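Residues per chain are reported as follows:
2 protein chains.
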Amino acid sequence: MREKLTLIKVGGKIVEEEASLRQLLDDFATLTGHKVLVHGGGRSATRLAERLGIESRMVDGRRITDAETLQVVTMVYGGLVNKNIVAGLQARGVNALGLTGADMNVIRSAKRPVGNIDYGFVGDVKQVNAALLSDLIGKGVVPVMAPLTHDGTGHLLNTNADTIAGETAKALAEFFDVTLVYCFEKKGVLRDEHDDNSVISSLNYADFRHLAEEGVIQGGMLPKLQNAFEALNAGVCEVVITQATSIKGQGGTRIRL
Amino acid sequence: MREKLTLIKVGGKIVEEEASLRQLLDDFATLTGHKVLVHGGGRSATRLAERLGIESRMVDGRRITDAETLQVVTMVYGGLVNKNIVAGLQARGVNALGLTGADMNVIRSAKRPVGNIDYGFVGDVKQVNAALLSDLIGKGVVPVMAPLTHDGTGHLLNTNADTIAGETAKALAEFFDVTLVYCFEKKGVLRDEHDDNSVISSLNYADFRHLAEEGVIQGGMLPKLQNAFEALNAGVCEVVITQATSIKGQGGTRIRL
Numbered sequence: 267m268r269e270k271l272t273l274i275k276v277g278g279k280i281v282e283e284e285a286s287l288r289q290l291l292d293d294f295a296t297l298t299g300h301k302v303l304v305h306g307g308g309r310s311a312t313r314l315a316e317r318l319g320i321e322s323r324m325v326d327g328r329r330i331t332d333a334e335t336l337q338v339v340t341m342v343y344g345g346l347v348n349k350n351i352v353a354g355l356q357a358r359g360v361n362a363l364g365l366t367g368a369d370m371n372v373i374r375s376a377k378r379p380v381g382n383i384d385y386g387f388v389g390d391v392k393q394v395n396a397a398l399l400s401d402l403i404g405k406g407v408v409p410v411m412a413p414l415t416h417d418g419t420g421h422l423l424n425t426n427a428d429t430i431a432g433e434t435a436k437a438l439a440e441f442f443d444v445t446l447v448y449c450f451e452k453k454g455v456l457r458d459e460h461d462d463n464s465v466i467s468s469l470n471y472a473d474f475r476h477l478a479e480e481g482v483i484q485g486g487m488l489p490k491l492q493n494a495f496e497a498l499n500a501g502v503c504e505v506v507i508t509q510a511t512s513i514k515g516q517g518g519t520r521i522r523l
Numbered sequence: 267m268r269e270k271l272t273l274i275k276v277g278g279k280i281v282e283e284e285a286s287l288r289q290l291l292d293d294f295a296t297l298t299g300h301k302v303l304v305h306g307g308g309r310s311a312t313r314l315a316e317r318l319g320i321e322s323r324m325v326d327g328r329r330i331t332d333a334e335t336l337q338v339v340t341m342v343y344g345g346l347v348n349k350n351i352v353a354g355l356q357a358r359g360v361n362a363l364g365l366t367g368a369d370m371n372v373i374r375s376a377k378r379p380v381g382n383i384d385y386g387f388v389g390d391v392k393q394v395n396a397a398l399l400s401d402l403i404g405k406g407v408v409p410v411m412a413p414l415t416h417d418g419t420g421h422l423l424n425t426n427a428d429t430i431a432g433e434t435a436k437a438l439a440e441f442f443d444v445t446l447v448y449c450f451e452k453k454g455v456l457r458d459e460h461d462d463n464s465v466i467s468s469l470n471y472a473d474f475r476h477l478a479e480e481g482v483i484q485g486g487m488l489p490k491l492q493n494a495f496e497a498l499n500a501g502v503c504e505v506v507i508t509q510a511t512s513i514k515g516q517g518g519t520r521i522r523l
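Which chain is which? The protein sequence lines are Y and A, in order. The first sequence runs contiguously to residue 523 in the numbering used here. The second sequence runs contiguously to residue 523 in the numbering used here.
Incorrect hints may have been included.
[Stated by the list, open to error] So the derived label-pair ranges between C-beta atoms look like this: (1) Pro379(A) to Thr511(Y): 52 to 62 Å; (2) Val380(Y) to Thr296(A): 53 to 63 Å; (3) Asp458(Y) to Asp401(A): 51 to 61 Å; (4) Asp473(Y) to Glu284(A): 52 to 62 Å; (5) Leu318(Y) to Gly327(A): 24 to 34 Å; (6) Leu318(Y) to Asp473(A): 45 to 55 Å; (7) Gly481(A) to Ala295(Y): 51 to 61 Å; (8) Gly299(Y) to Glu496(A): 16 to 26 Å; (9) Lys514(A) to Leu318(Y): 12 to 22 Å; (10) Lys392(A) to Glu440(Y): 49 to 59 Å; (11) Val380(Y) to His460(A): 41 to 51 Å; (12) Met267(Y) to Glu284(A): 29 to 39 Å; (13) Gly359(A) to Met267(Y): 36 to 46 Å; (14) Gly319(A) to Arg309(Y): 16 to 26 Å.
Since the hints were derived computationally from the structure, they do not count as laboratory data. Just so we're clear, the structure is a prediction, and the values are computed from it rather than from any experiment. Each residue gets a CB set at the ideal place from its N, CA and C atoms; glycine is no exception.
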């Protein structure tokens, strides 16, 4: 029988505030089975950029990453945020290993082509090399992944943490029964966007199509769920959309094919 | 027969200038056998601290590390310098893995007790856990180690890169035939400090004692060599003191018991 693995993606807000980070690390440490943590760090990057007099430019929530900004995110995502999480997990008995996509060539990406917008040093994931990673996981190591990848020719690239989580989950599905957990600010996928307690507890593809046609699911949730079903089609067992405070529980929306 | 491993320590100056970094990575990539790179990054840390309006205070070449400075070195050593080296080595076909001592609990340290000087968040190495590390090295992974450790209770600590190199070499000597290479600005240990070409090509402990008594070896070289002999006594096969530009060759001072 294949072993279970839980891959949890948390946004910057959770890991950048001391109290919520402590809670997350406490909860994450008690999760049983193999696990992986993927984190953001955008707010800290914006803050450091500000202190250095570097303007942060965002388009549709994506950071335009010029050469100076790439240095900022390399320092913040790969250094400050990642290593503090690793040290915090080690203190809780979790044998964490901080990684960017460059480390062990785990995630190879390509610089996003310049279209209407030039995102700069932003990478689209091309390949996840999960063999060494799964080997380490099997030995009890817990990867903590920063949203940075590399292009194989010496350049680091800023890469969306949701994408890193999804692509890594798919690659690890070759070795483990993977549950992919996306933490976000709401309790799950809502039936009524004005009612935080109207969480849809489980969702399959037929339900999703139906609710999307009815307009119940709309806006930013549509691509999120399309990505979830793509991960399921690629071998991930289950995708959960929930709050960071609920990663231990049964809350949120559980998505299966 | 045990396999050979070369552990190379380079200071900040080499890895912080683009041309010398490129040369180092080219040379390091062509080294045969297992290998490990330990790097500094002090000049970049000082530069970032300056831009952030944080004063850099040094005592005997050691950085006083207050809470803000710890953030700076975590960003610079663990993020900027480390991940750029990793990406650069990956581009040269070297399967590099960037590490701090917190990652996989590789190096546990204790905050230096406050004596005449309060160094702040500086760690003295207590334990190197080389089992997982040697396992990865055996699989072709090349660790790239930043001068940061952790205390096991969630705190990262700034740690001297020479010490990290020496302690890691000793721990890896349980698994490999280790050559420890310290790169510094001179070509090796000099017979005449005013003649850069007066390199002592090989040195054993009897020679060392003799030359130290004669006053030929003195000053900062004395503790460096004492550390070298300590590493040899702990199982390291050979210590080489040389220039970063000579890591491929037979130059420098080769030290054996």
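Hint by hint, here is what the structure shows:
1. At about 39 Å, the beta-carbon gap between proline 379(A) and threonine 511(Y) misses the expected band of 52 to 62 Å.
2. For valine 380(Y) paired with threonine 296(A), a C-beta distance near 35 Å fails the hint of 53 to 63 Å.
3. Between aspartate 458(Y) and aspartate 401(A) the beta carbons are some 52 Å apart, a value that agrees with the proposed interval 51 to 61 Å.
4. Taking the beta carbon of each, aspartate 473(Y) and glutamate 284(A) are about 55 Å apart, inside 52 to 62 Å as hinted.
5. Taken as a hint, the range 24 to 34 Å holds for the pair leucine 318(Y) and glycine 327(A), whose Cβ atoms sit roughly 27 Å apart.
6. A hinted range of 45 to 55 Å for the beta carbons of leucine 318(Y) and aspartate 473(A) is consistent with their spacing of about 51 Å.
7. Separated by about 56 Å at the C-beta atoms, glycine 481(A) and alanine 295(Y) satisfy the suggested range of 51 to 61 Å.
8. Remark: the range hint 16 to 26 Å for glycine 299(Y) to glutamate 496(A) is contradicted by a beta-carbon distance near 43 Å.
9. For lysine 514(A) and leucine 318(Y), the hinted distance range of 12 to 22 Å is not satisfied, since their beta carbons lie about 37 Å from each other.
10. At roughly 39 Å, the beta-carbon separation of lysine 392(A) and glutamate 440(Y) lies outside the given 49 to 59 Å, and the hint is violated.
11. Remark: the range hint 41 to 51 Å for valine 380(Y) to histidine 460(A) is contradicted by a beta-carbon distance near 56 Å.
12. For methionine 267(Y) and glutamate 284(A), the hinted distance range of 29 to 39 Å is not satisfied, since their beta carbons lie about 51 Å from each other.
13. For glycine 359(A) and methionine 267(Y), the hinted distance range of 36 to 46 Å is satisfied, since their beta carbons lie about 37 Å from each other.
14. The given range of 16 to 26 Å is respected by glycine 319(A) and arginine 309(Y), whose C-beta atoms sit roughly 21 Å from each other.
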